[in-house]
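Residue numbers (the working numbering), protein chains in the order written: chain A, 1 to 242; chain B, 243 to 548.
No lab work stands behind these hints, which were simulated from the structure alone.
It is possible that some hints are incorrect.
Listed next, the stretches of chain A that the computed footprint assigns to chain B, with coverage defined by at least 3 CB atoms under 8 Å from CB atoms of chain B [to be verified]: (1) 57 to 69; (2) 78 to 85; (3) 97 to 110; (4) 200 to 214.
All C-beta atoms in this analysis are idealised placements derived from N, C-alpha and C, irrespective of residue type, glycine included.
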Amino acid sequence: MIEARGLTKRFGSRLAVDALSFDVRPGIVTGFLGPNGSGKSTTMRLILGLDHPDAGHARIGGRRYRDLGWPLREVGALLEARAWHPGRTARSHLAALAASNGIGRRRVDEVLGLVGLGEVAGQRAGKFSLGMAQRLGIAAALLGDPSALLLDEPVNGLDPAGIYWIRDLLRSLAGQGRAVFVSSHLISEMALIAEHAVVIGQGRLLADAPVADLAARAPSLEDAFLRLTGASTEYQGRGAGA
Amino acid sequence: MRNPLSARSSGTPQPLGRTPHKAPQAPLRCSGGEDTPPEASEAPAREAMEPGHYRFRHVARMEWIKLRSLRSTWWTLGITVCGAATMAIVIGINTRNGGGDLTNNALAGVVPGLLLTGVLGVLTMTSEYTSGMIRATLAAVPGRGVVLAAKAAVFGVVALGAGEAGAFISFAAGGAALRHGIAAPALTRPEVFRAVVLAGASFSLIGLFGLGLGAILRHTAAAIAVLVGGVYLAAQFIGVVAQGAAGYLPVLIIGNSLTTTKPETCPPHAALCPHFLSAWAGLGVLCLYAAAVLGIGAWLLARRDA
Chain A
1 MIEARGLTKR FGSRLAVDAL SFDVRPGIVT GFLGPNGSGK STTMRLILGL
51 DHPDAGHARI GGRRYRDLGW PLREVGALLE ARAWHPGRTA RSHLAALAAS
101 NGIGRRRVDE VLGLVGLGEV AGQRAGKFSL GMAQRLGIAA ALLGDPSALL
151 LDEPVNGLDP AGIYWIRDLL RSLAGQGRAV FVSSHLISEM ALIAEHAVVI
201 GQGRLLADAP VADLAARAPS LEDAFLRLTG ASTEYQGRGA GA
Chain B
243 MRNPLSARSS GTPQPLGRTP HKAPQAPLRC SGGEDTPPEA SEAPAREAME
293 PGHYRFRHVA RMEWIKLRSL RSTWWTLGIT VCGAATMAIV IGINTRNGGG
343 DLTNNALAGV VPGLLLTGVL GVLTMTSEYT SGMIRATLAA VPGRGVVLAA
393 KAAVFGVVAL GAGEAGAFIS FAAGGAALRH GIAAPALTRP EVFRAVVLAG
443 ASFSLIGLFG LGLGAILRHT AAAIAVLVGG VYLAAQFIGV VAQGAAGYLP
493 VLIIGNSLTT TKPETCPPHA ALCPHFLSAW AGLGVLCLYA AAVLGIGAWL
543 LARRDA
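Please model the entire structure based on the sequences and the hints provided.
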């Protein structure tokens, strides 16, 4: 269970995240939706304690991220593709992270197999395609067998088979009782993956509701999303707010 | 399509007493964990705390794997050692006067070699920012002070090992290369042994200085510029402008205090001559420099957004 309460983050004069409160419950996939630049990535960094909030707090199972004993065993995160040194092999990258949380080497090979990178584990990760990079990022998130997952745009760069794979993966992770929080700007994709949606625009909460309820208010989830975010989209093409 | 998670329940050996994760609310355990007792998997709630906490040794192990898994680490250290030894041999062959400080001559490759270790120290920190790895690191270990301490400890020990190897190899090679009937200094003399050991230590200290600069500045180019400017170029100016301060400059401490059998003194009627620190005082000042930049780096790392 992840709780955000009044999370606020200011960058200079710009309010990136504005008093955001929501819960990410275990057992379901919660979609985190919002236009580009709406504060999704910042919110995720605030939950992980990477950015310091100006107000409010986020808790994981009742505790602040920095108070977790074995963070990787409780929260797995994918923030950006290629968040590793390009000269290191996929296996070394994961082995280093595993060591920090007392996770055995066997688990490293296990997650490499799980994401389909077993064959290239000994190759330098700098040569990976975007799709392979996303898979390595997901492997890192799964390393500690965590009870909560935070994935920022995991679908980016994946081919159709990869998208199918991640859809399946996220659903089974939630099915095992984990809290899965996935951001995306691909609404149609979210409609297939997520059961619950948290929608933000310009850092503010616009909706926190089951996907079925949101979709029922409009012809499709996409329409519902556009209606919600119409007023808060920074870069708007003609007709986008219709 | 194969269930991508099948490895969790069937493909891999499970610890005794574990149940496959089928029920939606089954407690989830880390299958790679070393110290989770099997009965802990019966815990009723997910929120039940996993026993234990990451310690310095876990973080140090992560940093050791990071450092050793980059080829550039070993290339840089290897070139540093070979370069220092080559310089010692060239100087040894060309030495015609046995009256100088032959130990200091053999260790002449230390000062240029420091640049490489300093840059390696910078890169150890800034490459985390360049690649984005810093966010993976800090998500794994939110205790930022522990991260920097572990990084410094691991890098410091590796650089010390390489530095001592370089210093002793240079000393031996420089002595062996002496011609013209000049006898090599004996390592058994305490002041000679001290100079060689402190030459090795200076690699580690300049490396840590670079690592601290990397933590403060976060950008490779900026940190290297400050390293080269502060450690090397400033010595050229300050040495002329402020005689009193010259003895406290890192390069001059290493060249004239640490790697000499006795501190450099001025010839009787020299117009320009700074006062140089004794070997141990010089070592203390260098340690203070490294500790100061690392301390500032740790403070900034904890305060700033990653």
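Exercise. Are at least 3 residues of the segment 57 to 69 of chain A within less than 8 Å of chain B when you compare beta carbons?
Worked result: holds (count 6)
Exercise. Given as covered by chain B, does the segment 200 to 214 of chain A meet the bar of three residues or more with CB within less than 8 Å?
Worked result: Violated - the segment 200 to 214 of chain A has 0 residues with a Cβ nearer than 8 Å to chain B, which falls short of three.
For this session: Given that the segment 97 to 110 of chain A was listed as covered by chain B, double-check it with a C-beta distance under 8 Å for 3 or more residues.
Result: Our answer is that it holds, as 13 residues pass the Cβ test (under 8 Å) against chain B, meeting three.
Exercise. Are 3 or more residues of the segment 78 to 85 of chain A near chain B, judged by a Cβ distance of less than 8 Å?
Worked result: holds (count 6)
Of the numbered hints listed earlier, the single one contradicted by the structure is hint 4.
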